Amino acid sequence: MSQELTQEQVQDLEKKAEKARELLISTLLQAGSGHSAGPLGMADIFTAFYFHILNHDPKNPDWEDRDRLILSNGHICPIRYVSMAQAGYFPIEELKTLRKINSRLQGHPHRTALPGLETTSGPLGEGISQAIGIALAAIIDKKKYYTYVITGDGELDEGNIWEALMFAGKNKMHNLIMVIDRNNIQIDGFTEDVMPLEPLRDKLEAFNWHVMETDAHNIKQFVDRIQEAHAIYEKPIAIIAHSIPGYGVEFMEKDFHWHGKPPNSDEAKLALKELRTLQGKIVSEHE
Amino acid sequence: MLNPNLKLNEKLFDQDVVVQPTRAGFGSGLLELGEKNPNVVALAADLTESTQAQKFAEKFPERFFQTGIAEQNMAAIAAGLAVSGKIAYISSYATFSPGKNWETLRTTAVYNQANVKIAGHHSGVMTGPDGATHQATEDIAITRCWPGIEIYVPCDAIEAEKATIASANTKLPVYLRYSRDKTPVITTDATPFKPGKMQTYWVTENPKVTIFAMGYMLYYALLAAKELEEEKLPVLVVNASTVKPLDEEGILEATRHSQAVVTVEDHQVMGGMGSAIAELLAKTTPLPIEFIGLQNTFAESGTPKELLAKYKMDAPAIKEAVKRVIRRKI
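Top line first, the protein sequences correspond to chains B and X. Reminder that position 222 of the first sequence reads as 222 in our numbering, one-by-one numbering, no gaps. Reminder that position 102 of the second sequence reads as 102 in our numbering, one-by-one numbering, no gaps.
Treat the hints as calculated values from the structure; they're not laboratory data. Here the structure is a predicted model, which means the values were calculated and not measured. Yeah, the Cβ is synthetic: ideal placement off N, Cα and C, and Gly gets one too. All the given hints hold, so there is nothing to weed out.
Chain B stretches covered by chain X per the calculated footprint, using a threshold of three residues with CB under 8 Å from any CB of chain X:
(1) 100 to 114
(2) 131 to 138
(3) 162 to 171
This is chain B alone, in the form it adopts within the complex (with noise of 0.2 Å):
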């Protein structure tokens, strides 16, 4: 159970994440394909989870008290990897395997190949739907324990997606916490211009669920909105996370256009590309 983050911690979790954002990159260098943006944007929302909300135990990946954190866009993996080494899942050294042949770090997570993952995933708009039927054996079994999923926001047009929403907010699931991985791209580009969810909370909204926002690099603000939604008990409960595709990467850093403002469509495509291949180093697995 998280608990309001002091100085001190914010200051060890925003380190932790920077050493995330760290191996990372040698990870996707190493592996030399996969996406590379995705990740690098929810290093700090991985990093808040693994070494403060979740109430886990890395030596016991099966505890059935534990909470459990799916990953619906899969494909955003690395990180989800590299924050549980980094936790103690499994040794650093392993990540190194990412991708290849015989390894537990496949190309899109898979759950039986390694203790601590959840589900498999990868083909998008499934994870919603996986957390509700984790958070009904939850309510069934009168467990305590809290189901966050993740999303991407290009996702959102899945169609499975909106039954899970509907579902969730029918069923007043008050035991799942949805955060969105809003960057605002997606593989084809802008996701207004692919296909346009705003005004995403008033969509959400209108399918019964409480709807946050936060900034999805700044760990304590995160971490604040998901002591609010421990508090509620009406609703599930979605939280809109704010991301800069490829943050922290000193080539976007420098690109004023991610800095105040969302890309145009042209600018995303052109970035996204870069963000992809990190600047043509490794392999997109979309071209």
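Based on these hints, arrange chain X on the given structure of chain B.
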């Protein structure tokens, strides 16, 4: 003759043979599972009554979940329940589940090795007047290709209840295939049923052909066998009630003397039970095979009887196939 060891329905060939839909066996089996095991949960997508999950839903409302008309959501919620220790039964028409939600099931239930049981109803042309949109005729093909799943297709309502109950005994995902219309009750409570075991329902000495029949079509295969015996053409009829895992030993034993095969299923001949048997025989003891089923076509609205006749899947068609395959024997 009907295999006397299997305690089959002695009145099977009577005019007034008892008829029941196999989906009724799902309903009673699921209810019994609910009573026996508190970890059994069920989900339906607005077809609770039609797919006979209603009794379970009424008796165990805290373990029943209505997803509305949302088969993907139903599949993935079931997977979430299953990885949390539940045995999750999802019930819908087979064209929608495992049809419409195929990839969801592939990822979240099958590859994920979650204890999800897929009850697919309204299979085959037996669905009748609803037309081809609602007649699931590819469901075996699209599930049989999944590693790590078992597939049971009960021949009647009694076996359907047994198969439903047995499906909870494995932690693997299971696809259970049921049909809509009332069909003759072939077995009795005393007839043995074991997943993965094919049993010979019609026995004879010196068989010329072995017929493998799946689901309710077993009745028409037995009718054909009875008539063929009168024509001095002895055959064996095997109940192919488990399509996966395939009873390789049983199939080889059942074909050892006949050296010719007819497969009978209310499904496309592509990728179905017949294909599974052909794959096995091709790599062990190649034999001539005739395939009864839909021949690379969709069916249409009509009564089950009319459809079986038009698409050459009834007892006369089975007899013809037996005669054809005999001519092909080396």
